[in-house]
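One-letter residues, chain by chain:
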Amino acid sequence: MNEDIVTPGVPELSDEWIALRTQHLVEEIATPSPRRKRRYVLTGVGGGAVAVAAALVGLLGPWATPAFAGWSAQPTAPTSGQLSTAETACASLAANLASTPGSTASATLPPLSLSDVRGPYSLLVYGTTSPALCVLGNGVSSLHEDGATIGQSSATSKADGNTVVQQSTGSEQFVTNPAAATPPAPGAAVVDVDNTAVSNDQSFTVVEGSVGSLVSGATLLLSDDSSVVATVSNGLFAAWWPSQATVSSIQVTTTSGVN
Amino acid sequence: MRHYDELDDADLWELSISDPEAFGEIFRRHARSVFAICYWRTGDAALAEDVTSVVFLEAWRRRNLMVLEQRSALPWLLGVANHSSRNATRSLRRYTQALRRLDGHRAVPSDDAVIDRLDAEISLGVINELARDLSEQEREIVLLVFWSGLSYEATSVALGVPVGTIRSRVSRTRRKLQLRLGHDDRVTKETP
Numbered sequence: 001m002n003e004d005i006v007t008p009g010v011p012e013l014s015d016e017w018i019a020l021r022t023q024h025l026v027e028e029i030a031t032p033s034p035r036r037k038r039r040y041v042l043t044g045v046g047g048g049a050v051a052v053a054a055a056l057v058g059l060l061g062p063w064a065t066p067a068f069a070g071w072s073a074q075p076t077a078p079t080s081g082q083l084s085t086a087e088t089a090c091a092s093l094a095a096n097l098a099s100t101p102g103s104t105a106s107a108t109l110p111p112l113s114l115s116d117v118r119g120p121y122s123l124l125v126y127g128t129t130s131p132a133l134c135v136l137g138n139g140v141s142s143l144h145e146d147g148a149t150i151g152q153s154s155a156t157s158k159a160d161g162n163t164v165v166q167q168s169t170g171s172e173q174f175v176t177n178p179a180a181a182t183p184p185a186p187g188a189a190v191v192d193v194d195n196t197a198v199s200n201d202q203s204f205t206v207v208e209g210s211v212g213s214l215v216s217g218a219t220l221l222l223s224d225d226s227s228v229v230a231t232v233s234n235g236l237f238a239a240w241w242p243s244q245a246t247v248s249s250i251q252v253t254t255t256s257g258v259n
Numbered sequence: 001m002r003h004y005d006e007l008d009d010a011d012l013w014e015l016s017i018s019d020p021e022a023f024g025e026i027f028r029r030h031a032r033s034v035f036a037i038c039y040w041r042t043g044d045a046a047l048a049e050d051v052t053s054v055v056f057l058e059a060w061r062r063r064n065l066m067v068l069e070q071r072s073a074l075p076w077l078l079g080v081a082n083h084s085s086r087n088a089t090r091s092l093r094r095y096t097q098a099l100r101r102l103d104g105h106r107a108v109p110s111d112d113a114v115i116d117r118l119d120a121e122i123s124l125g126v127i128n129e130l131a132r133d134l135s136e137q138e139r140e141i142v143l144l145v146f147w148s149g150l151s152y153e154a155t156s157v158a159l160g161v162p163v164g165t166i167r168s169r170v171s172r173t174r175r176k177l178q179l180r181l182g183h184d185d186r187v188t189k190e191t192p
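Residue numbers (the working numbering), protein chains in the order written: chain W, 1 to 259; chain R, 1 to 192.
What the hints contain is simulated information worked out from the structure, not anything from laboratory work.
You may find that some hints are simply not true.
[Stated by the list, open to error] Just a few of them, taken from the derived set where beta-carbon distance is under 10 Å, the chain W residues facing chain R:
1) Trp17
2) Ile18
3) Ala19
4) Gln23
5) Glu28
6) Ala30
7) Gln74
8) Glu87
9) Val117
10) Gly187
11) Val190
12) Asp225
13) Ser226
14) Val229
15) Thr231
16) Ser233
Predicted model, so just to flag it, every value in this text is computed and none were measured.
The beta carbon of each residue, even a glycine, is placed where N, CA and C say it ideally should be.
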C-alpha cells in the first residue's frame with residue numbers, strides 16, 4: 001500500500017487537566033474504597049446445547065454470604081486445613097448426590113487433580129476426563145458431577161434451610177472439548193466444562209479446561225469485561241466467579257510469553 | 001515529590017505498590033495517548049476525558065494482569081483503553097463514585113480548546129463515516145497500529161492475541177482500506 005491512513009486530530013489535553021486528573025487518580029488508589037455491592041441478574045436456564053451432561057447440586061444455606069464475600073479474582077494460598085476440610089465435604093456431597101433417586105452419579109470421586117483456592121472458597125477438580133467440580137466455603141457447597149440427574153434436587157431442601165442450585169448450561173461455544181478427547185495445542189487452552197449455577201439472588205460460574213504443555217498460566221476474560229486468573233496444574237485449568245458472566249477469551253502465559 | 005524521570009514504566013509499576021504517586025507518573029506519561037484512543041472511539045472529548053480516568057482506575061484494579069512490552073506500560077494501557085471505551089457508558093458506570101469525586105478536579109476548557117475540539121470532531125467524523133464498514137477487529141488495527149503507531153508486538157500485548165494474528169489483521173485491514181479509502185485524499189496520505 002502506498003498510502004497510510006491519516007491520523008485524525010485529537011483535542012489537546014492541557015497541563016492543568018493532566019495535573020488535576022493525576023491528583024484525582026492518586027487519591028483514588030491511595031484510599032481503599034469499600035467493596036462494591038454486586039448485583040445479580042436472575043435468568044432461567046440458558047439456551048444452547050448441553051454438550052456436557054452434568055448436574056450441579058449446590059447448597060447455599062442461610063449462612064451463605066450474599067455476595068460471596070472474600071472471593072478473589074486471583075487464586076490465593078489455602079489456609080491450614082482448608083483443602084482437607086473441603087475434600088471431606090466434597091466426598092460427602094458425592095455420596096449424597098449418588099444416593100438421590102434417579103442419579104447416575106458415582107458415590108466415589110476420582111482422584112483430585114487440581115485445587116483452586118480463592119479466599120475462603122475451595123474449588124476442587126476430581127479426575128481429568130469429565131471431571132467433577134466441587135466448590136466449598138463460606139456457606140457455599142456445590143458439586144458438579146458428570147452423569148448426574150439434572151434438576152433432581154428441585155426445592156425440597158428448602159425445608160432444612162438450604163436452597164438447591166439448579167443446573168444451567170454454559171455457553172455452547174466454550175464447551176468445545178468434551179471429555180478432553182482432544183488435547184489442546186502446546187500453547188493453547190480450551191474450556192471443557194462451563195456451568196452457571198443460579199439460586200435465589202446468587203449466581204456463580206464454574207469453568208474447567210485443558211491447557212497445552214507449554215502453558216503455565218491462564219487468565220479468563222469474561223463477558224462483563226472482568227477477568228479471572230485461573231489455577232493451572234496437571235494440564236488443567238479451573239476457576240469460578242460469582243456471576244453469570246461467560247468466558248469471552250483466554251489469555252495464556254507460556255514459557256515464551258503471553259499469547 | 002520524588003523524581004521519577006530516570007525510572008521506566010516497569011520501575012514505576014513496581015514502585016506504585018507502595019507509592020501511589022508512581023502510578024500518577026505513569027498517568028502523566030501516557031494520559032494523552034490513552035485519551036486519543038478514548039477520543040477516537042467515542043468521538044466525544046468530554047466523554048473521552050472521563051473514560052481516560054476510568055482506564056487508569058481499571059488498570060490499577062487489574063494491575064496484577066499487567067503486561068509490560070519492552071518495559072513500557074503503554075501498549076497494555078491502550079488495550080485497556082480500547083476495551084473500556086468500546087462500551088464507554090458501562091465503563092463509566094463501574095466507577096460512578098470515583099467520577100463523582102472528580103467534580104472538584106475538572107478543568108474548564110478555554111475558548112481555543114473548544115474550537116480545537118470542534119475541528120477534531122469534524123475530521124474524526126469524516127474518517128469514521130468513510131471507515132464505517134470496517135469490522136471491530138479492523139477498527140482496532142486502525143486505532144492501534146495506524147493511528148497510535150504501535151508495533152505489531154506492542155499491538156499483540158494490547159489486544160492479547162499472537163503477533164501472527166496481528167500481522168494477518170493488519171494485512172487484511174490494509175487491503176480493505178486501500179480499496180475503500182485509497183483514493184480519498186481526505187483520509188490518506190502519501191508515504192515518503
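| request: With a cut-off of 10 Å on the beta carbons, see whether Ile18 (chain W) makes it to chain R. | output: With a closest approach of 6 Å, the Ile18 (chain W) hint holds.
| query | Quick one, is the Gln74 (chain W) hint okay against chain R at 10 Å, beta carbons? | reply | 6 Å, holds
| message | Tell me if the interface restraint on Thr231 (chain W) is satisfied: Cβ within less than 10 Å of some Cβ in chain R. | response | 14 Å, violated
| request: Would you check whether Asp225 (chain W) satisfies its interface hint, that is, whether its CB is within less than 10 Å of any CB in chain R? | output: Asp225 (chain W) check passes; min Cβ-Cβ to chain R is 7 Å, inside 10 Å.
| Does the CB of Val190 (chain W) sit less than 10 Å away from some CB of chain R? | Violated - the Cβ of Val190 (chain W) stays beyond 10 Å from chain R, reaching only about 16 Å at its closest.
| query | When the nearest CB of chain R is found for Val229 (chain W), is that gap smaller than 10 Å? | reply | 7 Å, holds
| query | With 10 Å as the cut and Cβ atoms as the points, is Trp17 (chain W) at the interface with chain R? | reply | Result: holds, 5 Å to nearest chain R Cβ.
| Does the interface hint hold: is Gln23 (chain W) within less than 10 Å of chain R, judged Cβ to Cβ? | Result: holds, 6 Å to nearest chain R Cβ.
| request: Would you settle whether the hint for Val117 (chain W) is holds or violated, based on the nearest Cβ-Cβ distance to chain R being less than 10 Å? | output: Given a least distance of 16 Å, the restraint on Val117 (chain W) is violated.
| said: Given a cut of 10 Å on the nearest C-beta pair, is the interface hint for Ala30 (chain W) held or broken against chain R? | reply: Since the shortest Cβ distance to chain R is 4 Å, the answer is holds.
| message | Given a cut of 10 Å on the nearest C-beta pair, is the interface hint for Glu28 (chain W) held or broken against chain R? | response | 5 Å, holds
| task | Have a go at the Ala19 (chain W) hint: is there a Cβ in chain R nearer than 10 Å to its own Cβ? | result | It holds, given that the least Cβ distance between Ala19 (chain W) and chain R is near 8 Å, below 10 Å.
Checked against the numbered hints given earlier, the structure breaks hints 8, 9, 11, 15 and 16 and satisfies all the rest.
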